[in-house]
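As given, the protein sequences belong to chains A and B, one line each in that order. At position 236 of the first sequence the residue is numbered 236 (full-length UniProt numbering), and the sequence of numbers has no breaks. At position 121 of the second sequence the residue is numbered 121 (full-length UniProt numbering), and the sequence of numbers has no breaks.
These are computed hints drawn from the structure, not numbers from a lab. Since the model is a prediction, treat every value here as computed from it, not as a measurement. Among the hints, a few may not be true.
The calculated DSBU-like cross-link candidates involving lysine-lysine, where the alpha carbons are at most 35 angstroms apart (straight line), are [unchecked claim]: (1) A/Lys85 / A/Lys185; (2) A/Lys7 / B/Lys78; (3) B/Lys167 / A/Lys35; (4) A/Lys264 / B/Lys36; (5) A/Lys259 / B/Lys60; (6) B/Lys7 / A/Lys35; (7) A/Lys135 / A/Lys41; (8) B/Lys78 / A/Lys231; (9) B/Lys78 / A/Lys259; (10) A/Lys7 / B/Lys125; (11) B/Lys36 / A/Lys7; (12) A/Lys35 / B/Lys147; (13) A/Lys35 / B/Lys78; (14) A/Lys41 / B/Lys167; (15) A/Lys259 / A/Lys135; (16) A/Lys259 / B/Lys32; (17) B/Lys147 / A/Lys52; (18) A/Lys41 / B/Lys125; (19) A/Lys264 / B/Lys10; (20) A/Lys231 / B/Lys125; (21) A/Lys124 / A/Lys231; (22) B/Lys10 / A/Lys234.
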Amino acid sequence: MGSLTFKTYLEELKKHTPYNFCEYSDNSIQRRIEKVLNDHKIDMEELLYLTKTDEAFVENLVDEITVNTTELFRNPETWEYLYSKILPSLKSKNTINIWHAGCSTGQEVYSNLILLNELGLLDKARVVASDINQKVIRSSKKAEYSISTNVTYIEAYKDLMKRVKPDANDFEYYCDIDKNNDSFKFKDFLTEKVIFRRHDLVTEEIPFYQKFDIIFCRNVLIYFNQDLQMKIIKKFFDKLFDGGVLVLGNHEALHGFFKTRFIKHGMVYTKSSTFQFKYK
Amino acid sequence: MSTSRAKYYKGIVIGGSAGSFSIVSKILAHIKPDFKYPIIVCLHRLKHIRSGLLEGLNLKSNLQVVEPFDKDSIEGGKVYLAPSNYHLFVEYDSTISLSTEEVNNHSRPSIDYTFSSAATTYREKMVGIILTGANRDGAMGMFEVHKKNGYTIVQDPVTCDVDTMPKSALQLFTPDEVLSPEGIIDFLNKL
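All chains should be built: construct the whole structure from the sequences, respecting the hints.
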């Protein structure tokens, strides 16, 4: 890898581009960079040169370094909990503010909209979704997915509804299906509900002025080191209403200080209002 | 008789797929209860089935088996099982980080990823053990352990349900030991 270490490279990336990956988990960011080097058959010096000189390369790099795995109704037990416990508790509110932070290609945004609709809460919902990666934001807006890779997830929706609402709409009700192209596209009444925005959680201020009832941030913080996780969780804490809910990935947990500022309820974390919050 | 090189280790990493559950279960049932190193276990499993793997392993294990959360600290005498659908990396500060990046050799968790991240972090202060399995995932990772001077053990292919994984490893490098499951238990209990 030559004399240039991945840490020095990340410092340079930070200096020359809007992106800062310095506080990502060392071992995994190192592997992601090594993968980029392999895929492009370049070394660190060449990577640095391209980073400094080629803006399009950098945008592409962000797409390659960040992880965009997501699925419809990922971890159905979490969605069951949201459907039966969390979302109904927001019925009395005039608006339900929801933020999907790190929404990737949008599958969970639409999963949630479907559940809101099944509860008759879609009209009240004000939904924003953001991701660092411009490419996935475009896919999210497009809301078009392949049928074949989603068969098991569509089944997950059906199984979930069998348990919580047997007379629910079919999955097909929510999308236009094009079997010849192996694709389906969520209908406008869902896509129009969402404001999608490119936003970097690490380097940019939160661009939404409202507070939220629910923030989804699933399998995003796992790529950050613990210090950075704390900083982002603090931002979420400040942006949640008292009693607001943070939905993390199934193997993510709050460590240290914030363990006492949220209460774990089932699969989600609820912002505790019992403490005066003083943290710099 | 097997003797290891290093005076002490920072971690033991075990990988396996087809047929490996019963071997890991056996190892944990016979390991000494005061075993002092952490054991990180990465096994392939079916994607959408909550297989009860954790419960199954805990049933007979002399050490506590957990499916870690992201950024959990790695402690001696505990067994960390890579959770379903996450890759598991060993970080430099002795914590675990999880990832949902692409499957590797059709696998998430990928045994290669766990081995090679542990190799980067622990270098010669680790023992890598590769067990029975039907997939090539794991062999490259063990090769990394070997290259970083970690101690490498490959389950003797004649004792394997499916020998693809150990044989792929043996094609890449010569390990420190080729052992039966009993030999592996013996080795660990002498550490």
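Quick rundown of the hints versus the structure:
1. A/Lys85 / A/Lys185: Holds: A/Lys85 and A/Lys185 sit about 29 angstroms apart, inside 35 angstroms.
2. A/Lys7 / B/Lys78: holds (31 angstroms)
3. B/Lys167 / A/Lys35: holds (26 angstroms)
4. A/Lys264 / B/Lys36: holds (32 angstroms)
5. A/Lys259 / B/Lys60: holds (32 angstroms)
6. B/Lys7 / A/Lys35: holds (34 angstroms)
7. A/Lys135 / A/Lys41: OK: A/Lys135 and A/Lys41 at ~23 angstroms, within 35 angstroms.
8. B/Lys78 / A/Lys231: holds (30 angstroms)
9. B/Lys78 / A/Lys259: Holds: B/Lys78 and A/Lys259 sit about 23 angstroms apart, inside 35 angstroms.
10. A/Lys7 / B/Lys125: holds (23 angstroms)
11. B/Lys36 / A/Lys7: holds (33 angstroms)
12. A/Lys35 / B/Lys147: holds (19 angstroms)
13. A/Lys35 / B/Lys78: holds (31 angstroms)
14. A/Lys41 / B/Lys167: Holds, at roughly 29 angstroms.
15. A/Lys259 / A/Lys135: Holds, at about 34 angstroms.
16. A/Lys259 / B/Lys32: Holds, because 34 angstroms separates the two Cα atoms, which is no more than 35 angstroms.
17. B/Lys147 / A/Lys52: holds (33 angstroms)
18. A/Lys41 / B/Lys125: holds (31 angstroms)
19. A/Lys264 / B/Lys10: holds (32 angstroms)
20. A/Lys231 / B/Lys125: With a Cα-Cα distance of about 33 angstroms, the restraint between A/Lys231 and B/Lys125 holds, given a limit of 35 angstroms.
21. A/Lys124 / A/Lys231: holds (30 angstroms)
22. B/Lys10 / A/Lys234: Distance ~33 angstroms between B/Lys10 and A/Lys234 Cα, so the pair holds.
Checked against the numbered hints given earlier, the structure satisfies every one of them.
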